[in-house]
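Visitor: Here is how the chains run, residue by residue.
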Amino acid sequence: MSLSYRDETNARIQEGTTPGEAATQLAQRRRTATWVAREIVPHEARIRRWLARSRLPSEDIDEVMQEAYFRLAKLPSVDHIDQPLAYMFAAARNILIRRLKRERVVAFSALSEIENWHDAAAPTPEEQAATRMSYERVMAIIAALPERCRRVVELRKIEGWSQKEIAAHLGMTEKAVEKQVWTGVRAIREAWGAVEAQGEAVMSRDRSEGVSR
Amino acid sequence: MRGDDLVRDRAAHFVARMDADDWAAADEAALQTWLAEDPLREGLLLQIQAQWLALSPPASNVAQSDTEPPAVYEPSKIARRGILVSIAATAAAIVAGVRLNGGPSEYTTRVGEIRRLPLPDGSVVTINSGSNVTVAMAERTRAIELAEGEAWFEVAKDARRPFVVAAGDVRVRAVGTAFSVRRRESGVEVQVTEGVVETWSDYDHTLRVRLSAGDRVTLTARAVVDYETGASTAVDRSLAWRSGMIDLNGRSLADAAAEFNRYNARQIIIADPEIAREELSGLFNINDPEGFARTVEASLGVKVDSSASGLIRIE
Numbered sequence: 001m002s003l004s005y006r007d008e009t010n011a012r013i014q015e016g017t018t019p020g021e022a023a024t025q026l027a028q029r030r031r032t033a034t035w036v037a038r039e040i041v042p043h044e045a046r047i048r049r050w051l052a053r054s055r056l057p058s059e060d061i062d063e064v065m066q067e068a069y070f071r072l073a074k075l076p077s078v079d080h081i082d083q084p085l086a087y088m089f090a091a092a093r094n095i096l097i098r099r100l101k102r103e104r105v106v107a108f109s110a111l112s113e114i115e116n117w118h119d120a121a122a123p124t125p126e127e128q129a130a131t132r133m134s135y136e137r138v139m140a141i142i143a144a145l146p147e148r149c150r151r152v153v154e155l156r157k158i159e160g161w162s163q164k165e166i167a168a169h170l171g172m173t174e175k176a177v178e179k180q181v182w183t184g185v186r187a188i189r190e191a192w193g194a195v196e197a198q199g200e201a202v203m204s205r206d207r208s209e210g211v212s213r
Numbered sequence: 001m002r003g004d005d006l007v008r009d010r011a012a013h014f015v016a017r018m019d020a021d022d023w024a025a026a027d028e029a030a031l032q033t034w035l036a037e038d039p040l041r042e043g044l045l046l047q048i049q050a051q052w053l054a055l056s057p058p059a060s061n062v063a064q065s066d067t068e069p070p071a072v073y074e075p076s077k078i079a080r081r082g083i084l085v086s087i088a089a090t091a092a093a094i095v096a097g098v099r100l101n102g103g104p105s106e107y108t109t110r111v112g113e114i115r116r117l118p119l120p121d122g123s124v125v126t127i128n129s130g131s132n133v134t135v136a137m138a139e140r141t142r143a144i145e146l147a148e149g150e151a152w153f154e155v156a157k158d159a160r161r162p163f164v165v166a167a168g169d170v171r172v173r174a175v176g177t178a179f180s181v182r183r184r185e186s187g188v189e190v191q192v193t194e195g196v197v198e199t200w201s202d203y204d205h206t207l208r209v210r211l212s213a214g215d216r217v218t219l220t221a222r223a224v225v226d227y228e229t230g231a232s233t234a235v236d237r238s239l240a241w242r243s244g245m246i247d248l249n250g251r252s253l254a255d256a257a258a259e260f261n262r263y264n265a266r267q268i269i270i271a272d273p274e275i276a277r278e279e280l281s282g283l284f285n286i287n288d289p290e291g292f293a294r295t296v297e298a299s300l301g302v303k304v305d306s307s308a309s310g311l312i313r314i315e
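Each protein sequence line maps, in turn, to chains A and B.
Everything in the first sequence is counted per our numbering, starting at 1 for the first residue and increasing by one.
Everything in the second sequence is counted per our numbering, starting at 1 for the first residue and increasing by one.
For reference, chain A alone in the conformation it holds in the complex:
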């Protein structure tokens, strides 16, 4: 049953990912992520809260968001998107509707809320304040990291040094610096989760005041 194309297949595998391709892919990923960091991340909590109106459990909301991000990741370029937030809302909405249809149990209220997404896309000032990651908040998150990790994240994110420079400066291996960055990345993800929870409170206050038009 074993076949012997071995050498040919090997040759093809060698071509699989060239250093040049890896660099291109990396640059592309960074470009999209930088754009998402600027345009979407500060508002992600709003999209999530709006999705929560459909009474979807939070794990499902995670998945809808991931799928929406997946669509962004697949775009060769994001330059043509004029209204990033509206784009993201629309993507999340389509994914949600498809999902609700598949489950066949569509609460009437859920669907009518979904149609109100244009309202949700325009933030109130309080919401903006709650969802924006302020400079103080950034510093607070970094300050709460474990000592070694905090040093590395400070140098990387505040001083803007490269991981290599940090390694040389702190007498650590580059691998060890990368490990601390890894811890930092996870802590920051959790911190963003906390921003969402905080925004939640602001939002529910808003809704009881004005949304019932």
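What the hints contain is simulated information worked out from the structure, not anything from laboratory work.
As the structure is a prediction and not an experimental result, all values here were calculated from the model.
Keep in mind that the hints are not guaranteed to be accurate.
[Unchecked claim] Pairs of lysine to any residue, SDA-like flavour, derived with a Cα cap of 25 Å:
(1) A:Lys74 / A:Glu59
(2) A:Lys175 / B:Arg173
(3) A:Lys175 / B:Glu228
(4) A:Lys179 / B:Thr218
[What the hints assert, rightly or not] Now the stretches of chain A that chain B is said to cover, found in silico as 3 or more residues with beta-carbon under 8 Å:
(5) 28-35
(6) 69-82
(7) 169-178
In this text, a Cβ means the ideal position worked out from N, Cα and C, and glycines have one as well.
Got chain A sorted already, so can you dock chain B onto it with the hints?
Guide: This is chain B only, laid out in the frame that chain A set:
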């Protein structure tokens, strides 16, 4: 939810890796392999990378790569190098590919690459596809770190220098023996082909298992997930990669496809979950996913579409 945590950890790991300045073809290949398992992962990766990038305080995120670190960094670097040179002198002569600074040597295999690496003490490490191994040999210790993937260790006897493999929080120690360590989503899998090894969690020291030839265990930092004893045949089967083969014995088609996808850029996708549960046996050439798909086509009577260059679809 535990599985999701692991996926998130892994995504964060790739983000940290991309944040360094030495993203290589092997990293890209490893990432592609990981992403191919579930489309949502690509979304998660983008989300986490963006969250990390969004952290930069407004004032300092412009043109930061041009900023030179302050002068303190130079002297400390030189001082450090001075110490290391003397260690390097002994090690560098023996280990091929060791870095000039004498630090631990790191080896990364690309997807489809299997590498045999002789160590200065006479031990041999066989590194499987898409893996990352760091070797640090010292006077009293032989420390190996498996950051990713799988490797099989044939350890030369040296009672005064324990040979310890670290895979996350899991440790595996041997005196003179042969065993494999593989990092899986569910935990770290240790299989022993010869002699005795001891494995434990650095996180929880009460978690300790002694294994003999033919035993295998999967453990995480907190628990033993799976344990099997007297399974020499199964152990040999799962280590068939050492001779470039995949040995399936009643494994599901889904498992088999995942196994091929570990070694090949050309990924196998099974469109129908019903078919994915079918079991098969046989010995296959590790880098011939197409030959495998053809066999599946013939024996299970399913349709195989191999017209696309990047993937093979079984439907």
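Visitor: Please go over all the hints and tell whether each is borne out by the structure.
Guide: Here is what the structure says about each hint:
{"no.": "1", "hint": "A:Lys74 / A:Glu59", "result": "23 Å, holds"}
{"no.": "2", "hint": "A:Lys175 / B:Arg173", "result": "22 Å, holds"}
{"no.": "3", "hint": "A:Lys175 / B:Glu228", "result": "34 Å, violated"}
{"no.": "4", "hint": "A:Lys179 / B:Thr218", "result": "24 Å, holds"}
{"no.": "5", "hint": "28-35", "result": "holds (count 5)"}
{"no.": "6", "hint": "69-82", "result": "holds (count 6)"}
{"no.": "7", "hint": "169-178", "result": "holds (count 7)"}
The structure shown violates just one earlier hint, number 3.
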